[in-house]
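On the provided structure of chain A, position chains B and C as indicated by the hints.
For the protein sequence lines, the chains are A, B and C, in the order given. Every number in the numbering used here is 1 more than the matching position in the first sequence, counting from 1. Every number in the numbering used here is 82 more than the matching position in the second sequence, counting from 1. Numbering follows the numbering used here, with no gaps: position 200 of the third sequence is 186.
Check each hint, because a few of them may be wrong.
In silico DSS-like links for lysine-lysine, alpha-carbon gap of 30 Å or less [stated by the list, open to error]:
{"id": "1", "chain 1": "A", "residue 1": "125", "chain 2": "A", "residue 2": "99"}
{"id": "2", "chain 1": "A", "residue 1": "125", "chain 2": "B", "residue 2": "129"}
{"id": "3", "chain 1": "A", "residue 1": "91", "chain 2": "A", "residue 2": "177"}
{"id": "4", "chain 1": "B", "residue 1": "129", "chain 2": "A", "residue 2": "99"}
{"id": "5", "chain 1": "B", "residue 1": "290", "chain 2": "A", "residue 2": "154"}
{"id": "6", "chain 1": "B", "residue 1": "290", "chain 2": "A", "residue 2": "91"}
{"id": "7", "chain 1": "B", "residue 1": "290", "chain 2": "A", "residue 2": "88"}
Simulated from the structure, these hints should not be mistaken for lab results.
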Amino acid sequence: MTAPAESHDSGSMITFAGVDKSWGANHVLRSLDFEVAAGEKVSIIGPSGSGKTTILRILMTLETPDDGLVTVEGQSLWDARNGARPKETKQMRVTRRKIGMVFQQFNLFPHMTAMENVIEAPIKVLGMSKDDARERATDLMEMVGLSKHLEHKPPQLSGGQQQRVAIARAMAMRPKILLFDEPTSALDPELIGEVLSVIRDLAHSTDMTMLMVTHEMRFAEEISDRVVMFDSGAAIEQGPPQQIFKDPSHERTRLFLRAVLER
Amino acid sequence: MIWSNEFALEILPVLLRGLWVTVQLTLLGFLISLVVGLVVAVVRFAKIPVLSQLCTLYVLFMRGTPLLVQAYFAFYVLPAYGVTLSSFATGVVVIGLNYSAYTAEVYRSGIEGVATGQWEAATALSLPPRSTWNRVVLPQAVRSVIPVLGNYLIQMFKDSAVLSAIGVIDLMRAANTLGSSSFRYLEPFTLAGLLFLIISYTASIGVKRLEHRYAPAH
Amino acid sequence: MSVVIEYAPLLGRGLLTTLLITMLGIALTLVVAFAAGLARLSRFWLLRAPAYVFIEVFRGTSMIVQLFWFFYALPFLGIEFTPIAAAVLVLGLNEGAYAAEVVRGAIVTRPTGQTEACIALGLSPAQRMRRVLLPQAIPAMLPPFGNVFVDLLKATSLVSLVTIVDLTFTAQSIRNETGETTAIFTVILVMYFILAMALSLLTRWLEGRFAIDRSGRPALTKPVIGGQGAIPA
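Just chain A, same shape as in the assembly:
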């Protein structure tokens, strides 16, 4: 089990304290305590319905927790303690800008070119000039290996290319925290590598905090500082990748890994 939640002045980048979330009868997160340090690369693994994606979605303010406290860099993002019903506040909007997300279904804007997708938020939210934004976008697109596709629209790109554009788009906002929700699960097998390659570069070359939900176990092992095993709404085991993958202590972790790695 994880250590009990410390006060949210502990210096962690992300803290979840006593977070609850239910969908009707489905208790997706049960009094979750969870912390991520600044610059940490964390992978979350576990069976479907275990609540892994919900954690990311609550952080990205796409879902509202039913109970508990979520903070980012010491600032409260969601405060649902004592039955309070959290609403969107100005502070939340400010805090949210530090977080970016890469979606399983990419969610690129299909009516805009790759370049336009990447520069949209920097211009509208960060107030960048169009030229500065284009310059940054060009650099980012080069980083993800798509310099030749700046003027292409999403329907003209393969799944792997679209996901790489999505990563560039998220990076353009210079997030302190980047969330990855099963980034390669919707891709054809031969396109997975190119996306993982980009994520790997990000893990090695930036000091962003990265939180990734994934089924790519080998990849998770390779780039993570910490791996968290989720099941039935709780983090049942966590530790360095070598420990989790080679010598898990929890029975459910063992069963899960055996089912997943034995393909």
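Only chains B and C this time, still in chain A's reference frame:
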């Protein structure tokens, strides 16, 4: 001979002038319906208290009452409150507002058809609501319903004939006047019908092409 | 408002005429819709082609033009109808053309598996249509039919332009006599609105009645194959 080609050719220019008025009436009315309908649709979707309910009531009422009676209402009642417009202007406004209730519904289905992922991506990028609407959601929503809007344009073209009842000198009134002044009704109304048919049939083929381009079968 | 109360009986008669024409119009619409819609699906070109032409002509021209044509132009060809007959005829043919496309669309979108099962079982095309496809298509037709019915109700206001004393005609003549505009027209607008809402509710009730998969209620027409939960006769 019941039908006189001579007479038919004689009245054709008058009918065509009426047709031109019909076309103008339709295009201007459609413009109004496009703009007003969009506003109504966005307000309803945004669930603003009071305003949204009013918009819903507006849509229900405009769709649930006859265009002819709405036209009479506007034509006779407005002057009593100091607003005097020409028949043509009244007609444009009435048909524009009437059809705005339909376009509002069309826009609504378009907006609801935009994938949730698009909204989520906008949230993830911290895009403000205005940008989310103007740059992400509406462009996709409107594009997807262009063929349906096209069909409503054609429908409005045909419905516009009703406005002849409040004095608009359109194709319908031209045919009616020609008929009553010459006591020959066959040629004017048949030609008017043919003109409506030719234009709306051709337009509907054009709209089917739009369908292929903008909303290929899901 | 006092004008309204004074003329209430007159309005009442106008309302009855409107209702009469609406109901007759709906009846004819249904007949035409199924006749033309099924004809469009026929194997025989001789049935398909005229149906297509009929539908395109009546959908492509304005109802008011059709009304005037039937009322004023047709007599020149030797055919004369009474005003109400002409009105019901035009309403039924016009809305029937639109409804025919609803019928056709609802049948065409039934899963091909149903047709294939019928062929495999040796049912004739007529049996297939009558016992399998139509019963499943009818629930899908009802919502768009609801729109057609409301359209028809609204369209009846046009008969006031060919001398029929319906609700709109009555309002116009009251206006002519008394100069009262706001009260009268507001009242009939509200009356039409209530009628339209009533028609919509009626259609929704029918949807419930004809639904195949409501637990416990057998469908009115019992399908042979594929009725989910319907009790076989």
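Do the alpha carbons of residue 290 of chain B and residue 154 of chain A lie within 30 Å of each other, as the hint requires?
Given that 30 Å is the threshold and the Cα spacing comes to 25 Å, the pair holds.
Verify the proposed pairing of residue 125 of chain A with residue 129 of chain B, using a straight-line Cα cut of 30 Å.
Measuring from Cα to Cα gives roughly 24 Å; hence the hint holds.
Is the straight-line distance between the alpha-carbon of residue 290 of chain B and that of residue 91 of chain A 30 Å or less?
Given pair residue 290 of chain B, residue 91 of chain A is violated - Cα atoms ~47 Å apart, limit 30 Å.
Take the C-alpha atoms of residue 129 of chain B and residue 99 of chain A, compute the straight-line distance between them, and say whether it is at most 30 Å.
holds, 29 Å
Pair hint residue 125 of chain A and residue 99 of chain A, alpha-carbon separation not exceeding 30 Å
holds, 16 Å
Hint consistency between residue 91 of chain A and residue 177 of chain A [alpha-carbon to alpha-carbon, up to 30 Å]
Holds - the C-alpha atoms of residue 177 of chain A and residue 91 of chain A are around 19 Å apart, at most 30 Å.
For the pair supplied as a hint, residue 290 of chain B and residue 88 of chain A, is the alpha-carbon distance within the 30 Å limit?
violated, 46 Å
This entry does not satisfy hints 6 and 7, going by the numbered hints stated previously.
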